[in-house]
Amino acid sequence: DAGVIQSPRHEVTEMGQEVTLRCKPISGHNSLFWYRQTMMRGLELLIYFNNNVPIDDSGMPEDRFSAKMPNASFSTLKIQPSEPRDSAVYFCASSLDYGGTGAGSEQYFGPGTRLTVT
Amino acid sequence: QKEVEQDPGPLSVPEGAIVSLNCTYSNSAFQYFMWYRQYSRKGPELLMYTYSSGNKEDGRFTAQVDKSSKYISLFIRDSQPSDSATYLCAMRLSGGYNKLIFGAGTRLAVHP
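Taken in sequence, the protein lines are chains A and Y. The opening position of the first sequence corresponds to residue 1 in the numbering used here, with each subsequent residue numbered one higher. The opening position of the second sequence corresponds to residue 1001 in the numbering used here, with each subsequent residue numbered one higher.
Be careful, since some hints might not be right.
To be verified - Here are the simulated DSS-like pairs of lysine-lysine, each with C-alpha atoms no more than 25 Å apart in a straight line: (1) K1067/Y - K1002/Y; (2) K1099/Y - K1002/Y; (3) K1056/Y - K78/A; (4) K1056/Y - K1067/Y; (5) K1099/Y - K1067/Y; (6) K78/A - K24/A; (7) K1070/Y - K78/A; (8) K78/A - K68/A; (9) K1042/Y - K1099/Y; (10) K1067/Y - K24/A; (11) K1042/Y - K1070/Y; (12) K24/A - K1099/Y; (13) K1099/Y - K68/A; (14) K1099/Y - K1070/Y; (15) K1002/Y - K1070/Y.
In case anyone wonders, no lab produced these hints; they're calculated from the structure.
Construct the entire structure; sequences and hints are all you get.
Okay, here's the thing in structure tokens:
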């Protein structure tokens, strides 16, 4: 298996522009997680989906951030408009989760997207 | 106060040393405890996974959980330069979805 695939790997954009990050989870996994990592705040969970349904988006910083999962093999995280403080590494992770039963497998992380907003 | 506290380091040790990494947590309902290793410019990868209290050993790595003290540890014996990475503890509840709460991560450097 190719693992979790993220694109782009690097993104440099100007303040005010729209940014879209993409993720393809591991085939067969039913949970998908978006994280943001910075030196100051560490690894923060932004949102996670189970069976394509958003379960918890309490970590999404503000309305400028939105995430979708139109099908089991694709998810996007969009920032509009972007700001310099959004500069971070964004990770996508996936796992096999038995939805609310407490049984969940290892989360597999993608390589991340390094976002720089100037 | 954060739910999971972890000293960010950095921690620098000579090759062959025993390394001790630790996390404390505040939510007594956490039941699953994990250690992830993250190399520079890579995503985290699972290193050790423990359920409830006790010890678990895997090669040079030992994970310990003390639920009474809300304290978990990772020991690395005979540390190698290839162990140089950031180590993140993570934990989750026994029920609900597979949502992990991560510590800040401790940066470890093992020098030859």
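Tested hints:
With a C-alpha separation of about 17 Å, the suggested pair K1067/Y and K1002/Y falls inside the 25 Å cut-off, and the hint holds. As the CA atoms of K1099/Y and K1002/Y are separated by approximately 16 Å, the hinted pair is consistent with the 25 Å bound. Under the criterion of a C-alpha separation no larger than 25 Å, the hint pairing K1056/Y with K78/A is inconsistent with the structure, at around 40 Å. The straight-line distance between the Cα atoms of K1056/Y and K1067/Y is roughly 14 Å, inside the 25 Å bound, and the hint therefore holds.
Restraint check: the Cα-Cα separation between K1099/Y and K1067/Y comes to about 19 Å, which is no more than 25 Å; the hinted pair holds. Proposed proximity of K78/A and K24/A is supported: the alpha carbons are some 15 Å apart, at most 25 Å. With a C-alpha separation of about 37 Å, the suggested pairing of K1070/Y with K78/A is violated against the 25 Å cut-off. Simply put, K78/A and K68/A have alpha-carbon atoms about 9 Å apart, close enough for the 25 Å limit, and the pair holds.
Restraint check: the Cα-Cα separation between K1042/Y and K1099/Y comes to about 21 Å, which is no more than 25 Å; the hinted pair holds. Between K1067/Y and K24/A the alpha-carbon distance is near 36 Å, which puts this suggested pair outside the 25 Å criterion. Only pairs whose Cα atoms come within 25 Å are accepted, and K1042/Y paired with K1070/Y is rejected, the gap being roughly 29 Å. The straight-line distance between the Cα atoms of K24/A and K1099/Y is roughly 19 Å, inside the 25 Å bound, and the hint therefore holds.
Pair hint K1099/Y plus K68/A holds up; C-alpha atoms about 18 Å apart against a cutoff of 25 Å. For the suggested pair K1099/Y and K1070/Y, the alpha carbons sit about 19 Å apart, so the restraint of at most 25 Å is met. Restraint check: the Cα-Cα separation between K1002/Y and K1070/Y comes to about 13 Å, which is no more than 25 Å; the hinted pair holds.
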